[in-house]
Amino acid sequence: MSTLTKFSAIPYTGPAPTNRNPYIPSDVAVHDARGAALAEKLQHAAMQQETGQDLPTFIVEKSAIVNVLTVLRDHPELRFTMPLDCWGVDYPRREKRFDVLYQLYSLQNNERVRLKVMVGEDESIDSGINVFKGLDWFEREVWDMFGIRFDGHPNLRRILTHEAFQGHPLRKDYDPAQRWLLTEKDVAQLTPVIDDRFKDVDTDFERVTLNLGPSHPATHGTLRIVVTLDGETIIGADQEIGYLHRCFEKMSETHTYQQVIPFTDRLNYCSAIINNVGYCLTVEKLLGIEAPARAQHVRLMLSEFMRIADHLVCIGTNLVDMGALTNFWYLFQPREEIYGLIEACCGARLLPSYLRIGGLAVDVPTDFLQNAQRLVDMIPKYIDDVEKLVDRNKVFLDRVVGVAPISPEDAIAYGFTGPCLRACGVPFDVRKSNPYIGYETYDFDVPIAEGGDTYARYLVRMEEMRQSLRILQQAIDRGLPEGPVMVDNPYVALPPKEKVYNEMESLIYHFKLIMHGIQPPVGEAYFQVEGGNGELGFHVVSDGTKNPYRVRVRPPCFAIYQAFGKMITGQTIPDAVAALGSLNIIAGELDH
Amino acid sequence: MNPWMLYLVWPLIKFLIAFVIVQVIVAAMNWIERRVLGLIQARLGPNRVGPWGLLQIVADPIKFLLKEDIVPSSAEKIAYFLGPMLPLVPAFIVFCLIPFGPPPTFAVTHTNVGLLLILALTSTGVYGIILGGWASNNKYSLMGGLRSAAQMVSYEVPFGLSIVGVLMLCGSLDLVHIINYQAHHVWNVFPQLIAAFIFFVSMNAENNRTPFDLPEAESELVAGYHTEYSAMKFAFFMLAEYSAMLVNCCLMVSLFLGGWTLAIGGYGLTTATLKSMGFMGGLLGTVIFVVKVMTFMMIYIWFRATFPRFRFDQLMDLGWKWMIPLALINIFVTGIVVLAAPEMIINGSVVPVGETILAVAGAATVALTLFLIMKPRAHAPKVIHASRVSEA
Chain C
1 MSTLTKFSAI PYTGPAPTNR NPYIPSDVAV HDARGAALAE KLQHAAMQQE TGQDLPTFIV
61 EKSAIVNVLT VLRDHPELRF TMPLDCWGVD YPRREKRFDV LYQLYSLQNN ERVRLKVMVG
121 EDESIDSGIN VFKGLDWFER EVWDMFGIRF DGHPNLRRIL THEAFQGHPL RKDYDPAQRW
181 LLTEKDVAQL TPVIDDRFKD VDTDFERVTL NLGPSHPATH GTLRIVVTLD GETIIGADQE
241 IGYLHRCFEK MSETHTYQQV IPFTDRLNYC SAIINNVGYC LTVEKLLGIE APARAQHVRL
301 MLSEFMRIAD HLVCIGTNLV DMGALTNFWY LFQPREEIYG LIEACCGARL LPSYLRIGGL
361 AVDVPTDFLQ NAQRLVDMIP KYIDDVEKLV DRNKVFLDRV VGVAPISPED AIAYGFTGPC
421 LRACGVPFDV RKSNPYIGYE TYDFDVPIAE GGDTYARYLV RMEEMRQSLR ILQQAIDRGL
481 PEGPVMVDNP YVALPPKEKV YNEMESLIYH FKLIMHGIQP PVGEAYFQVE GGNGELGFHV
541 VSDGTKNPYR VRVRPPCFAI YQAFGKMITG QTIPDAVAAL GSLNIIAGEL DH
Chain R
1 MNPWMLYLVW PLIKFLIAFV IVQVIVAAMN WIERRVLGLI QARLGPNRVG PWGLLQIVAD
61 PIKFLLKEDI VPSSAEKIAY FLGPMLPLVP AFIVFCLIPF GPPPTFAVTH TNVGLLLILA
121 LTSTGVYGII LGGWASNNKY SLMGGLRSAA QMVSYEVPFG LSIVGVLMLC GSLDLVHIIN
181 YQAHHVWNVF PQLIAAFIFF VSMNAENNRT PFDLPEAESE LVAGYHTEYS AMKFAFFMLA
241 EYSAMLVNCC LMVSLFLGGW TLAIGGYGLT TATLKSMGFM GGLLGTVIFV VKVMTFMMIY
301 IWFRATFPRF RFDQLMDLGW KWMIPLALIN IFVTGIVVLA APEMIINGSV VPVGETILAV
361 AGAATVALTL FLIMKPRAHA PKVIHASRVS EA
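Protein sequences appear in the order of chains C and R. Heads up: the first sequence begins at 1 in my numbering, then just goes up one per residue. Heads up: the second sequence begins at 1 in my numbering, then just goes up one per residue.
Note that these hints are calculated values from the structure, not bench results. These numbers were taken from a predicted model, which means no experiment stands behind them. Hints are not guaranteed to be accurate.
[Said to hold, decoys possible] Pairs of lysine-lysine, DSS-like flavour, derived with a Cα cap of 27 Å:
#1 C:Lys-250 / C:Lys-96
#2 R:Lys-139 / R:Lys-233
#3 R:Lys-139 / C:Lys-185
#4 C:Lys-394 / R:Lys-321
#5 R:Lys-14 / R:Lys-275
#6 C:Lys-512 / C:Lys-499
#7 R:Lys-139 / C:Lys-566
#8 C:Lys-62 / C:Lys-133
#9 R:Lys-63 / R:Lys-233
The shape of chain C in the complex, shown without the other chains:
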């Protein structure tokens, strides 16, 4: 099926985007009803339901937010124990200009709830850090980006920008072109003294403060961990991030919806296509369209290939950090082949930007399925080889078993998702809990392990690759659905060139799309996919123009990495290095 026929001969008769229509989610009735049920159950005076949203949503009075969070967490029938996200949106023309949004997840009921708190410019809000440990960094990020103070936060410092930064970049009145340089002088003044907090820790030897990173062989990406050492034992650790902050969210606001896709590639660059999928599905949800079956099928297959590639990189580099070099090349061989498959599809390898809102950029090559089958046949051998080499290796086991463990309760409270959470024995996988692009029709298991240590994370990743291969085999057996790979909607997809040159209608559509872009209805939508590291969520707010009003990404690393300092306290530096590799922290995603 050539991409040239993606536009039907019948003129489009659907509604034209009149860019001031409110966004009405397709399943709004379900969420409104669930919201009403929640409101009835809770009977909380400070919670007011907001209808017409894509999740059960409540507007919460600012003064009561800590109470509401506590009630939601502790209610025996609801148990919203997992803080998935906390972020802000700026509406400068409103009386109280900021929205602070919380998203909580209940493992017990498999449901989400969104809380909105309106905060004025000079107001502060109570910190929820005592309710959910995982809100720590999210609140720091909101403070950094919007300048909203959180009362009671113990360490409300800038997190993504540097300490010499002035202003708060995600405010609408912040000029995107304004830059702030961090000079050496500033660094000398502003480098936080970490030692102080650990000065009361009982030690036998003199303490040493050591900077691991930002450019250290074990920090894949630019991470910095400041550890205070007693001999080789870590008695306190703090993580500094933001070295790779590229203002993804601010940049998105100055680009059109399609132009954001290349930025999403650079989030988790080890599994770029999953990011594309997450973003495109969010915008498609906002537009109320669905990509054709063929495109969805390819998206699913490439997502799984990318998941395998992500895990291959993670395990390979993790083993290198422990000195086992050979596995790295064995695992990178199939990764190269996977990139070869993607290169055949779109010409790019690491950062493909292959997806478009409404489908795919181009159709897959004719031998796509054969190549995919070849990969599915080939990859298990490499996984088995590595497993044979390390799985029963005493040196390896000594290095990973019981290293940097985290309890399931802590993991949930920190907002862990993905393999790191499943390694604690919590079976949460977005592909099962909120299936998308047809995952519900595939037969696969979600591996979990006990212990939550580095070994458990390794085991879960190894098994997940096998499960991904299972999904892929099923997808290959089903074959690619026939049909176009782009929606038949001229307000979303560009008409083919030959029509643009020959038909007035197509020329106009082409011109409108190029000049005015995709214009989703006014509203907000959240959508989540299972990324390589866990739940990758996108929250897109549209004001009806061609540029997103706000794009929020929920990077899974962000929640995971904030627990790292606690996980490695009491361990040694080699343990910290092994644990860091097993968490698979991708700086691009972590720092937005």
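Fit chain R to the given chain C structure using the hints.
Chain R only, in chain C's frame:
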């Protein structure tokens, strides 16, 4: 012969020849290691400079010589300069004491305490590493230096103890005597299997090679003690490390694998047989020696490609809780056997009863130790499959 010629000029010439050959081997080892690693790791290794990348051996030293020699401004200058040189000098001197072939022609000097001297000289190598690590004024270097000191001191003990069994059997510190003894009995690796095993593990640890490469653990300490060293100073460290590897392999071959001989019970290529073949016989002996040494160098590389790295406390555990007790037990048992079960003469032929007992006991002990160390964990965590987890 003129004593000046005999004791100064002639040894000097032989030393220079040995030195050049050893340096070529060290440089070639670099290329061999990278090629073999490439082979094991499903990649190519250096193959651009010259045929099969062979000129890499030349290109590397040129690069080291031409690179800028950076000295950190906060470094302790004198110690920083001494650091790379200290390990190099003993590493070179040691080659005077190793008999590469039947003496006197193929050994630079021949002393009857050669083994003791070698041990004394090689153990000074650690000073350079500590000095370099400390003088760099860098926390990573310092930690690398400290780790190295602790590791070398710990493994020096089993290293030395493992040799004692051999000395008891052969009754000499003279390497030539030890080699001849093996040619007329049996390679020491059989009656002294435990000692050989401990020696081999310890020599890996002494050389900071994987899985004992903690002092320069790249992913933890950047590059350990030589983080701040560049150009030729860095090359000196590398040279010393590879020279020390070579020395240890030579010792391993001399002590446990019959050195340049290829004989058992006095039959085969013994020293006397080789000497009767004249100069070519000596050369043949040297070739046999080098082949054996290179086999062990290959095992070094093979180890590097296979094992992950120990953690520091695990390394100490292995040294103090396994290696040293094992070495002591070995000495004890060897002593009893040497005293109580001398060679018996049955039907007119010499039967080495004691050595047979030792060989069997050694094999059993090594097998048991390997089983204890490598046995799978009783409660290994498992992956559980949850197919309908969303409802859980």
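Quick rundown of the hints versus the structure:
{"no.": "1", "hint": "C:Lys-250 / C:Lys-96", "in the structure": "21 Å, holds"}
{"no.": "2", "hint": "R:Lys-139 / R:Lys-233", "in the structure": "19 Å, holds"}
{"no.": "3", "hint": "R:Lys-139 / C:Lys-185", "in the structure": "23 Å, holds"}
{"no.": "4", "hint": "C:Lys-394 / R:Lys-321", "in the structure": "16 Å, holds"}
{"no.": "5", "hint": "R:Lys-14 / R:Lys-275", "in the structure": "18 Å, holds"}
{"no.": "6", "hint": "C:Lys-512 / C:Lys-499", "in the structure": "15 Å, holds"}
{"no.": "7", "hint": "R:Lys-139 / C:Lys-566", "in the structure": "23 Å, holds"}
{"no.": "8", "hint": "C:Lys-62 / C:Lys-133", "in the structure": "19 Å, holds"}
{"no.": "9", "hint": "R:Lys-63 / R:Lys-233", "in the structure": "12 Å, holds"}
Going through the hint list in order, the structure satisfies each hint without exception.
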